[in-house]
Amino acid sequence: MVKELLELTEALLRTPQRQAERIEQLRNEIAILKGERRKAQADVQGERDGA
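Mapping the sequence shown onto the numbering used here, position 7 (from 1) lands on 7, and the numbers just tick up by one.
A portion of the hints provided could be inaccurate.
Claimed, not checked - 25 angstroms max Cα-Cα, derived SDA-like pairs, lysine to any residue:
1. Lys-3 to Gln-17
2. Lys-39 to Gln-17
3. Lys-34 to Val-44
Source of the hints: derived by calculation from the structure; they are not laboratory data. Please read all numbers here as calculations on a predicted model, not as lab measurements.
Use the sequences and the hints to build the structure in full.
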(Lines of atoms letter the chains of each structure in order from A and count residues from 1; the text may use other names and numbers.)
(Lines give C-alpha, C1' and ligand atoms only; values in the text may rest on other atoms or scores of the structure.)
Protein backbone atom coordinates (compact mmCIF):
# COMPACT_ATOMS: atom_id res chain seq x y z
CA MET A 1 0.00 0.00 0.00
CA VAL A 2 2.84 2.39 0.82
CA LYS A 3 4.37 1.68 -2.58
CA GLU A 4 1.07 2.47 -4.30
CA LEU A 5 0.73 5.72 -2.38
CA LEU A 6 4.29 6.66 -3.24
CA GLU A 7 3.66 5.97 -6.93
CA LEU A 8 0.45 8.01 -6.83
CA THR A 9 2.23 10.88 -5.10
CA GLU A 10 5.03 10.83 -7.68
CA ALA A 11 2.49 10.83 -10.51
CA LEU A 12 0.71 13.81 -8.97
CA LEU A 13 3.99 15.68 -8.64
CA ARG A 14 4.79 15.08 -12.32
CA THR A 15 1.42 16.44 -13.47
CA PRO A 16 2.13 20.12 -12.69
CA GLN A 17 5.52 19.81 -14.37
CA ARG A 18 3.90 18.42 -17.53
CA GLN A 19 1.27 21.14 -17.40
CA ALA A 20 3.95 23.82 -17.07
CA GLU A 21 5.80 22.36 -20.06
CA ARG A 22 2.60 22.32 -22.13
CA ILE A 23 1.82 25.91 -21.15
CA GLU A 24 5.30 26.94 -22.29
CA GLN A 25 4.78 25.13 -25.60
CA LEU A 26 1.46 26.90 -26.12
CA ARG A 27 3.00 30.28 -25.30
CA ASN A 28 5.71 29.64 -27.88
CA GLU A 29 3.13 28.66 -30.48
CA ILE A 30 1.09 31.79 -29.73
CA ALA A 31 4.19 33.96 -30.12
CA ILE A 32 4.94 32.35 -33.48
CA LEU A 33 1.37 32.86 -34.66
CA LYS A 34 1.38 36.49 -33.53
CA GLY A 35 4.60 37.06 -35.44
CA GLU A 36 3.12 35.48 -38.56
CA ARG A 37 -0.02 37.59 -38.21
CA ARG A 38 2.02 40.79 -37.81
CA LYS A 39 4.07 39.89 -40.87
CA ALA A 40 0.92 39.20 -42.90
CA GLN A 41 -0.60 42.50 -41.76
CA ALA A 42 2.60 44.34 -42.68
CA ASP A 43 2.60 42.66 -46.10
CA VAL A 44 -1.01 43.73 -46.70
CA GLN A 45 -0.23 47.26 -45.56
CA GLY A 46 2.79 47.34 -47.86
CA GLU A 47 0.61 46.25 -50.78
CA ARG A 48 -1.87 49.01 -49.96
CA ASP A 49 0.88 51.60 -49.74
CA GLY A 50 2.37 50.41 -53.03
CA ALA A 51 -0.95 50.32 -54.88
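The hints, checked one at a time:
1. Annotation: proposed proximity of Lys-3 to Gln-17 holds, straight-line Cα distance about 22 angstroms (limit 25 angstroms).
2. Proposed proximity of Lys-39 and Gln-17 is contradicted: the alpha carbons are some 33 angstroms apart, above 25 angstroms.
3. Distance restraint check for Lys-34 and Val-44: the Cα-Cα separation of roughly 15 angstroms lies within the 25 angstroms cut-off, and the hinted pair is therefore satisfied.
In terms of the numbered hints stated before, the structure departs from hint 2 and from no other.
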